[in-house]
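Participant: Residues in the sequence shown are numbered from 539 upward in steps of one, following the numbering used here.
Since the hints were made in silico from the structure, they are not lab data.
The model shown is predicted, which means the values in this text are computed figures rather than measured ones.
We put the CB at the ideal spot given by N, CA and C, even for glycine.
Don't take each hint at face value.
[What the hints assert, rightly or not] Quick list of simulated restraints, FRET-style, between CB atoms:
no. : residue 1 : residue 2 : range
1   : D651      : R621      : 17 to 25 Å
2   : E570      : K733      : 31 to 39 Å
3   : S626      : K733      : 29 to 37 Å
4   : V724      : L583      : 55 to 63 Å
5   : V709      : G646      : 22 to 30 Å
6   : R621      : V594      : 12 to 20 Å
7   : S672      : A799      : 49 to 57 Å
8   : V709      : R621      : 21 to 29 Å
9   : V709      : L583      : 41 to 49 Å
10  : S728      : Q619      : 16 to 24 Å
11  : E622      : E567      : 26 to 34 Å
[Said to hold, decoys possible] Straight-line Cα separation of at most 25 Å, DSS-like style, residue types lysine-lysine; simulated pairs:
no. : residue 1 : residue 2
12  : K771      : K733
13  : K733      : K788
14  : K733      : K752
15  : K771      : K752
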Amino acid sequence: MRKVDTMSEVYPSDSSILNLVAEEETGVEYIETGRAPYYLEFRRLLYRLLLATRRVNDLRVFDEGGLSVGVKAGAFRDGDQLREYPGSSGHTLADDKASIYLYLDAGGDLVLDEYTSFPDAGINHIRLAQVTTSAGDITEIIDCRGQHLWNALGGTIYGGSCRNYTSQGGVSFIFQATVSAGETVVIHNSNAPFKYRVLDAWSVANGVNGGSWKLDDGANDITVPVTLTLADKAVDRTGSLDNDYAGIEKDGSLRVVGDGASADCDVYVLCMRVE
Numbered sequence: 539m540r541k542v543d544t545m546s547e548v549y550p551s552d553s554s555i556l557n558l559v560a561e562e563e564t565g566v567e568y569i570e571t572g573r574a575p576y577y578l579e580f581r582r583l584l585y586r587l588l589l590a591t592r593r594v595n596d597l598r599v600f601d602e603g604g605l606s607v608g609v610k611a612g613a614f615r616d617g618d619q620l621r622e623y624p625g626s627s628g629h630t631l632a633d634d635k636a637s638i639y640l641y642l643d644a645g646g647d648l649v650l651d652e653y654t655s656f657p658d659a660g661i662n663h664i665r666l667a668q669v670t671t672s673a674g675d676i677t678e679i680i681d682c683r684g685q686h687l688w689n690a691l692g693g694t695i696y697g698g699s700c701r702n703y704t705s706q707g708g709v710s711f712i713f714q715a716t717v718s719a720g721e722t723v724v725i726h727n728s729n730a731p732f733k734y735r736v737l738d739a740w741s742v743a744n745g746v747n748g749g750s751w752k753l754d755d756g757a758n759d760i761t762v763p764v765t766l767t768l769a770d771k772a773v774d775r776t777g778s779l780d781n782d783y784a785g786i787e788k789d790g791s792l793r794v795v796g797d798g799a800s801a802d803c804d805v806y807v808l809c810m811r812v813e
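Required output: the full structure, derived from the provided sequences and hints.
Facilitator: Spelled out as structure tokens, the structure:
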């Protein structure tokens, strides 16, 4: 188990504690001195405490003995949708691992075999726990539920989403891709986390090699080829966007396609999330 916090925390005075009647936020009542039968009053106290702390159990990873863990049922918000995990048990973890990162992926499935880190901030997931195993046993479970990372209703790391962005406005975000020797850079490969629209694109030259680049959705051109000015740090912007393909669907693709030979530049793609 995780080490206990050894930092001191001061209690109220004895007289103050003895005069407490109930905790205002949770409604948990203190047992009065001399109240009988005491076992009944204690059960009432325990009942109210469990009610007050029930939600703390949502999506909690727990030790089942040996290398086995379970995950309590729980719910979380995905934008304006409430998603539920039904709970599960009997998951056997790998032995002798310094860190096993347990989380729910974008599909709501439990991941048990990630040993490097949680996914990057740009990937929707629910962090559950970091587990250490040794000699056929679980030696530590670190609760990571406070690090939840999912779409927020009003905005995400990619900016806010708008159902009617023509009248409500929207928050933009920018992808950056470094093109070297005309290579193609994949921003999304059938894994766009949500629907968004390309609004603009431009490049900053890294040298004087010339060449060109364009945007496509993996199959169709979004822009015409943009020719790089033969000057270091020159800025070149696309002159057109194909409205038929500028909208990228959820699980869609977006690429910066170089000329395959000489283009060396940083390409910036301005987008806005839509629904």
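Participant: Run the structure past the numbered hints and jot down the numbers of the failing ones, going up.
Facilitator: 2 and 12
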